[in-house]
Amino acid sequence: MQDYKGFYKAAFKLFDGRVYKDYLRRFCYGVEASCYSYVPKLVLMLKSESEIIKAFELSRKFNTPLCFRGAGTSLSGQSSCDTVLVCLDFCWDHMKVNSDASSITLGCGVIGENANKALKPLGKKIGPDPATIAAAQIGGIVNNNSSGMCCGVKQNSYNTLKSIRVILGDGTILDSSDALSVASFKISHKELIDKVLNLRSEIINDKELCELIKRKYKIKNTTGYSINALLDYSDPIDIITHLFIGSEGTLGFVSSVELECVDDEKYKACALLFYDNILKAAKVVEILAKFEDDISSAEIMDYGSLKAASKFKGVDQILPDINEGEVCILIQSQNNNEKLLKEQVDKIKNAIKDYPTSHKAKFSFDESEFANWWKIRKGIFPIAASAKRPGSSVITEDICFEIKDLGERIKKLQELFDKHGFKDSAIIFGHALAGNLHFIITPNLSQNVEFQNFSNLVKDMSIMVSNFGGSIKAEHGTGRMVAPFVELEWGAKAYAINKKIKEIFDPHTLINPDVIISDDKDIFKKNIKQSALIGNEFDECVECGFCEKNCPSNKLTLSPRQRIALKREMQRLGSLNDKASKKLLKELKDGAKYFLNESCAACSMCEELCPVGINTANLALNERKANASDFSKKTAELAKANFSLALNGAKFALSAANLLNSNSIRKLSFKANLAIKTPVLKEYLPRKNSYKLRDKNYGFDESVVYFSSCLNRAFAPNKNLNDKRPIQEVFESLCKKAKINVIYPEQIDDICCGKIFTNYLDTKELNRAKNIDILKEATDDGKYPVVIDHGACSYELIKSLKDRFEIYDLSEYLLKFISTRLSIVPINDAIGLYTMCASKKLGLEDTMMSLAKLCTKGQVIVHSDTACCGFAGYKGFFTPQLNIHATTKFKRFYKNSAINIGFSNSSTCEIGLSEASSFSWQHIAYLLDSVSISQK
Numbered sequence: 001m002q003d004y005k006g007f008y009k010a011a012f013k014l015f016d017g018r019v020y021k022d023y024l025r026r027f028c029y030g031v032e033a034s035c036y037s038y039v040p041k042l043v044l045m046l047k048s049e050s051e052i053i054k055a056f057e058l059s060r061k062f063n064t065p066l067c068f069r070g071a072g073t074s075l076s077g078q079s080s081c082d083t084v085l086v087c088l089d090f091c092w093d094h095m096k097v098n099s100d101a102s103s104i105t106l107g108c109g110v111i112g113e114n115a116n117k118a119l120k121p122l123g124k125k126i127g128p129d130p131a132t133i134a135a136a137q138i139g140g141i142v143n144n145n146s147s148g149m150c151c152g153v154k155q156n157s158y159n160t161l162k163s164i165r166v167i168l169g170d171g172t173i174l175d176s177s178d179a180l181s182v183a184s185f186k187i188s189h190k191e192l193i194d195k196v197l198n199l200r201s202e203i204i205n206d207k208e209l210c211e212l213i214k215r216k217y218k219i220k221n222t223t224g225y226s227i228n229a230l231l232d233y234s235d236p237i238d239i240i241t242h243l244f245i246g247s248e249g250t251l252g253f254v255s256s257v258e259l260e261c262v263d264d265e266k267y268k269a270c271a272l273l274f275y276d277n278i279l280k281a282a283k284v285v286e287i288l289a290k291f292e293d294d295i296s297s298a299e300i301m302d303y304g305s306l307k308a309a310s311k312f313k314g315v316d317q318i319l320p321d322i323n324e325g326e327v328c329i330l331i332q333s334q335n336n337n338e339k340l341l342k343e344q345v346d347k348i349k350n351a352i353k354d355y356p357t358s359h360k361a362k363f364s365f366d367e368s369e370f371a372n373w374w375k376i377r378k379g380i381f382p383i384a385a386s387a388k389r390p391g392s393s394v395i396t397e398d399i400c401f402e403i404k405d406l407g408e409r410i411k412k413l414q415e416l417f418d419k420h421g422f423k424d425s426a427i428i429f430g431h432a433l434a435g436n437l438h439f440i441i442t443p444n445l446s447q448n449v450e451f452q453n454f455s456n457l458v459k460d461m462s463i464m465v466s467n468f469g470g471s472i473k474a475e476h477g478t479g480r481m482v483a484p485f486v487e488l489e490w491g492a493k494a495y496a497i498n499k500k501i502k503e504i505f506d507p508h509t510l511i512n513p514d515v516i517i518s519d520d521k522d523i524f525k526k527n528i529k530q531s532a533l534i535g536n537e538f539d540e541c542v543e544c545g546f547c548e549k550n551c552p553s554n555k556l557t558l559s560p561r562q563r564i565a566l567k568r569e570m571q572r573l574g575s576l577n578d579k580a581s582k583k584l585l586k587e588l589k590d591g592a593k594y595f596l597n598e599s600c601a602a603c604s605m606c607e608e609l610c611p612v613g614i615n616t617a618n619l620a621l622n623e624r625k626a627n628a629s630d631f632s633k634k635t636a637e638l639a640k641a642n643f644s645l646a647l648n649g650a651k652f653a654l655s656a657a658n659l660l661n662s663n664s665i666r667k668l669s670f671k672a673n674l675a676i677k678t679p680v681l682k683e684y685l686p687r688k689n690s691y692k693l694r695d696k697n698y699g700f701d702e703s704v705v706y707f708s709s710c711l712n713r714a715f716a717p718n719k720n721l722n723d724k725r726p727i728q729e730v731f732e733s734l735c736k737k738a739k740i741n742v743i744y745p746e747q748i749d750d751i752c753c754g755k756i757f758t759n760y761l762d763t764k765e766l767n768r769a770k771n772i773d774i775l776k777e778a779t780d781d782g783k784y785p786v787v788i789d790h791g792a793c794s795y796e797l798i799k800s801l802k803d804r805f806e807i808y809d810l811s812e813y814l815l816k817f818i819s820t821r822l823s824i825v826p827i828n829d830a831i832g833l834y835t836m837c838a839s840k841k842l843g844l845e846d847t848m849m850s851l852a853k854l855c856t857k858g859q860v861i862v863h864s865d866t867a868c869c870g871f872a873g874y875k876g877f878f879t880p881q882l883n884i885h886a887t888t889k890f891k892r893f894y895k896n897s898a899i900n901i902g903f904s905n906s907s908t909c910e911i912g913l914s915e916a917s918s919f920s921w922q923h924i925a926y927l928l929d930s931v932s933i934s935q936k
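If you read the sequence shown in this note's numbering, its first letter stands for residue 1, the second for the next number, and so on.
Hints listed in this document are in silico derivations from the structure and should not be mistaken for laboratory results.
Treat each hint with caution, since some may be false.
[To be verified] Calculated lysine-lysine pairs in the DSS-like style (CA-CA distance at most 25 angstroms, straight line):
{"#": "1", "residue 1": "Lys349", "residue 2": "Lys339"}
{"#": "2", "residue 1": "Lys404", "residue 2": "Lys214"}
{"#": "3", "residue 1": "Lys895", "residue 2": "Lys96"}
{"#": "4", "residue 1": "Lys853", "residue 2": "Lys737"}
{"#": "5", "residue 1": "Lys692", "residue 2": "Lys667"}
{"#": "6", "residue 1": "Lys633", "residue 2": "Lys764"}
{"#": "7", "residue 1": "Lys841", "residue 2": "Lys311"}
{"#": "8", "residue 1": "Lys154", "residue 2": "Lys404"}
{"#": "9", "residue 1": "Lys770", "residue 2": "Lys640"}
{"#": "10", "residue 1": "Lys799", "residue 2": "Lys853"}
{"#": "11", "residue 1": "Lys423", "residue 2": "Lys586"}
{"#": "12", "residue 1": "Lys459", "residue 2": "Lys423"}
{"#": "13", "residue 1": "Lys802", "residue 2": "Lys640"}
{"#": "14", "residue 1": "Lys549", "residue 2": "Lys525"}
{"#": "15", "residue 1": "Lys555", "residue 2": "Lys671"}
{"#": "16", "residue 1": "Lys423", "residue 2": "Lys207"}
{"#": "17", "residue 1": "Lys96", "residue 2": "Lys47"}
{"#": "18", "residue 1": "Lys583", "residue 2": "Lys9"}
{"#": "19", "residue 1": "Lys667", "residue 2": "Lys895"}
{"#": "20", "residue 1": "Lys719", "residue 2": "Lys640"}
{"#": "21", "residue 1": "Lys770", "residue 2": "Lys737"}
{"#": "22", "residue 1": "Lys696", "residue 2": "Lys651"}
{"#": "23", "residue 1": "Lys586", "residue 2": "Lys640"}
{"#": "24", "residue 1": "Lys936", "residue 2": "Lys696"}
{"#": "25", "residue 1": "Lys280", "residue 2": "Lys339"}
{"#": "26", "residue 1": "Lys195", "residue 2": "Lys499"}
{"#": "27", "residue 1": "Lys96", "residue 2": "Lys117"}
{"#": "28", "residue 1": "Lys593", "residue 2": "Lys499"}
{"#": "29", "residue 1": "Lys936", "residue 2": "Lys889"}
{"#": "30", "residue 1": "Lys671", "residue 2": "Lys891"}
{"#": "31", "residue 1": "Lys633", "residue 2": "Lys589"}
{"#": "32", "residue 1": "Lys283", "residue 2": "Lys266"}
{"#": "33", "residue 1": "Lys737", "residue 2": "Lys857"}
{"#": "34", "residue 1": "Lys841", "residue 2": "Lys625"}
{"#": "35", "residue 1": "Lys764", "residue 2": "Lys696"}
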């Protein structure tokens with residue numbers, strides 16, 4: 001009997017409350033990228049191997065199965081469950097490159113793209129390169145034996161594995177890189193090893209089975225377990241470690257791996273080739289496959305894919321006017337020798353010259369150009385899926401054939417689409433060079449006919465692929481989607497081997513049951529997502545999870561896709577009238593106040609990573625606008641009308657807070673915040689700014705209007721920061737050295753960019769009109785440029801008034817107009833650099849980096865994983881846990897560096913950054929002023 005109550009009670013004590021049974025988190029944390037929707041009974045958030053071992057112990061004691069989740073980007077349902085879902089916090093992202101860069105050791109929580117960033121300066125990368133590599137974590141990549149666009153079979157996880165560290169269901173750790181661990185395991189698990197070796201003998205003694213395994217693994221295959229390990233290796237540890245590759249979390253927990261590094265060739269070239277139809281394109285692919293040493297990838301995208309992609313920003317500049325039925329092939333070639341690369345491209349052109357394209361072929365050696373081509377391909381799944389009909393589900397399949405059969409098999413697949421009613425809606429794309437095709441269908445499963453069509457298509461496709469000796473799952477993993485068809489593809493003898501593997505490692509079926517091996521032959525069509533419509537851009541979300549990397553509240557409360565899923569579930573429950581649904585809806589509405597709204601930084605950094613450009617911040621912003629009380633609206637109106645008075649009140653509060661600011665009072669302020677939502681005190685709390693803002697007319701020929709933000713008019717640097725001068729004094733100093741006069745708007749004490757009025761549209765519009773009048777006078781009707789000194793305020797003002805005035809963020813103005821007029825003597829120290837999120841959206845990261853490199857000869861160290869620090873203006877004081885959580889990895893990153901000073905472009909962010917790192921962060925203007933003098 002499964003005892004979830006007993007599990008919860010014991011886990012709550014063991015894991016400091018990091019076990020959740022409320023419906024909101026169970027539902028939202030259960031969301032992942034596949035077409036399935038399961039709600040776990042409990043959710044754990046675990047930090048260490050010792051906690052995983054304890055979770056396994058509880059699982060055995062209370063007979064409660066576990067399912068491990070990484071980034072949740074898998075597509076076959078392998079990270080869904082209705083049991084205990086185990087999520088991992090940020091403690092699993094350690095990595096270490098070995099001395100000669102031949103291998104890299106990676107924690108299961110490392111994002112694949114981050115591993116490649118660490119290896120890029122060394123001319124290396126990891127082998128697997130799934131389209132989700134910017135979001136997928138190593139644990140998932142290895143557990144799915146992910147391959148991708150360039151790696152094929154040769155460089156997938158299985159073939160680049162050097163060592164692995166796993167935790168078995170009995171709590172034993174096996175580290176294949178550690179001789180002591182291996183020796184101990186061979187003694188303690190002799191019976192398990194003997195069973196594995198008996199399986200090997202069973203295969204070796206069956207010539208027909210041996211040949212089947214050898215043949216099927218010549219192409220991509222993730223249907224079932226990696227039973228080729230039983231043939232490829234004789235050492236039992238090698239066999240066991242390779243069985244874990246592609247095991248989809250069903251044999252144990254993969255804690256870390258050591259992967260061999262592969263060359264990341266310095267020079268690359270790409271081509272976009274268009275053909276009249278997919279069969280002609282398949283013929284070209286067959287020719288290209290003969291040049292596997294010259295071509296690293298050939299991706300095929302059919303008309304449906306291109307049509308879906310064409311509606312997104314910038315794509316029309318890449319794709320020509322596509323005619324119905326046309327197909328595109330994206331080719332990549334690479335080499336460490338530029339001359340040899342050009343020879344490879346010429347060879348490719350010559351090979352396909354007799355196959356005319358339907359549009360002029362595009363060849364490019366410019367990485368900045370073809371990187372955008374790859375964005376289309378990598379985003380095809382969410383982009384195409386977002387074009388689905390309202391109320392329909394997204395089903396993606398992943399099959400593989402030998403290259404010589406590709407054209408014929410595509411034809412058969414299209415016949416199946418026609419037979420089952422998907423001719424006009426199915427799309428095909430994939431890794432053509434590997435014979436690996438993906439397709440997407442979007443049936444409305446609430447309609448019985450379409451449900452049956454979907455079910456019959458999957459069955460017929462599985463039969464067709466099996467009959468032709470292909471792979472029903474090439475790289476997405478078996479999951480639940482093809483678990484019922486493993487035996488169909490492999491036959492009875494090989495399937496029996498698969499079942500025995502599961503029984504050896506998980507005799508009580510407590511580790512991710514019903515994945516890979518399932519007795520439920522209908523499981524592939526159960527619990528399919530049928531999302532309720534919530535309107536606007538949010539209906540395009542397919543819950544792919546690409547957004548989560550940038551979200552400051554991810555794993556604290558909710559990520560962007562989880563917020564959208566929550567709104568959908570609230571909408572679904574709202575359409576039901578039974579008591580249970582009404583009770584759940586009330587729970588979700590109550591929880592949404594914090595989880596959906598208050599804990600969202602509304603930074604919109606999710607939009608930067610979303611393939612279809614969804615700005616999930618609008619969910620929270622819409623809630624805030626809709627729930628704005630009459631009292632708060634009246635307060636906003638009074639603040640606008642009496643802004644100088646409000647600002648003086650803020651300055652008074654700062655003075656009082658600084659008088660009280662001690663360790664003990666700070667602790668009390670956090671307790672009070674939890675109880676009654678009062679603001680917290682910070683160690684790096686700014687002091688009151690008493691600097692007088694007066695025009696500085698030095699008699700120079702040029703002038704600038706200085707719109708100093710209300711925050712910086714209130715803030716003076718904290719006593720612990722390196723430079724105690726207010727930022728206005730620093731900017732005036734720089735302007736004087738650059739021979740530029742400074743003009744303050746006459747009503748400087750009474751102006752605001754308008755961001756504070758975001759929730760009050762009428763007040764915001766009145767404030768905009770007021771700013772226009774004030775700046776029109778200050779700039780002499782646009783004669784002088786305007787500069788603003790806080791990144792968030794710059795974004796707001798530029799967005800609001802860019803059509804009326806020439807407005808610059810301070811960092812951009814410093815680089816373009818100030819630095820060129822200064823004599824700079826750079827320091828030799830390494831520094832930290834952080835560009836606040838709104839400035840990233842303005843494209844100012846390169847500006848900040850250029851400024852930093854002007855000012856120092858040392859390294860400029862950026863923690864690229866901190867897309868947003870989560871301080872979010874006032875939230876750093878009223879929802880402090882958001883900033884603390886968002887800077888968790890930032891804190892660890894700089895703690896392990898030799899940096900002791902950092903620069904940014906947001907005074908509020910700098911409070912949180914200084915708190916996290918325990919050293920000074922200030923506006924980059926301070927750095928430029930400290931290293932410069934006037935030019936003679």
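Right, here's what the structure says about each hint:
1. Lys349 to Lys339: holds (16 angstroms)
2. Lys404 to Lys214: Holds, at roughly 18 angstroms.
3. Lys895 to Lys96: At roughly 17 angstroms apart (the allowed maximum being 25 angstroms), lysine 96 and lysine 895 satisfy the hint.
4. Lys853 to Lys737: holds (20 angstroms)
5. Lys692 to Lys667: Cα-Cα ~34 angstroms, so violated.
6. Lys633 to Lys764: holds (11 angstroms)
7. Lys841 to Lys311: holds (21 angstroms)
8. Lys154 to Lys404: holds (19 angstroms)
9. Lys770 to Lys640: holds (10 angstroms)
10. Lys799 to Lys853: violated (28 angstroms)
11. Lys423 to Lys586: Violated, at about 43 angstroms.
12. Lys459 to Lys423: holds (17 angstroms)
13. Lys802 to Lys640: With a Cα-Cα distance of about 22 angstroms, the restraint between lysine 802 and lysine 640 holds, given a limit of 25 angstroms.
14. Lys549 to Lys525: Violated, at about 30 angstroms.
15. Lys555 to Lys671: holds (22 angstroms)
16. Lys423 to Lys207: This hinted pair is violated, its Cα atoms lying about 42 angstroms apart.
17. Lys96 to Lys47: holds (19 angstroms)
18. Lys583 to Lys9: holds (23 angstroms)
19. Lys667 to Lys895: holds (23 angstroms)
20. Lys719 to Lys640: violated (31 angstroms)
21. Lys770 to Lys737: violated (32 angstroms)
22. Lys696 to Lys651: Roughly 24 angstroms between the alpha carbons, so the hint for lysine 696 and lysine 651 holds.
23. Lys586 to Lys640: violated (36 angstroms)
24. Lys936 to Lys696: holds (21 angstroms)
25. Lys280 to Lys339: violated (31 angstroms)
26. Lys195 to Lys499: holds (13 angstroms)
27. Lys96 to Lys117: holds (12 angstroms)
28. Lys593 to Lys499: violated (47 angstroms)
29. Lys936 to Lys889: Roughly 45 angstroms between the alpha carbons, so the hint for lysine 936 and lysine 889 is violated.
30. Lys671 to Lys891: holds (23 angstroms)
31. Lys633 to Lys589: holds (23 angstroms)
32. Lys283 to Lys266: With Cα atoms ~30 angstroms apart, lysine 283 and lysine 266 exceed 25 angstroms; violated.
33. Lys737 to Lys857: Holds, because 22 angstroms separates the two Cα atoms, which is no more than 25 angstroms.
34. Lys841 to Lys625: holds (23 angstroms)
35. Lys764 to Lys696: violated (30 angstroms)
The earlier numbered hints that this structure contradicts are 5, 10, 11, 14, 16, 20, 21, 23, 25, 28, 29, 32, 35.
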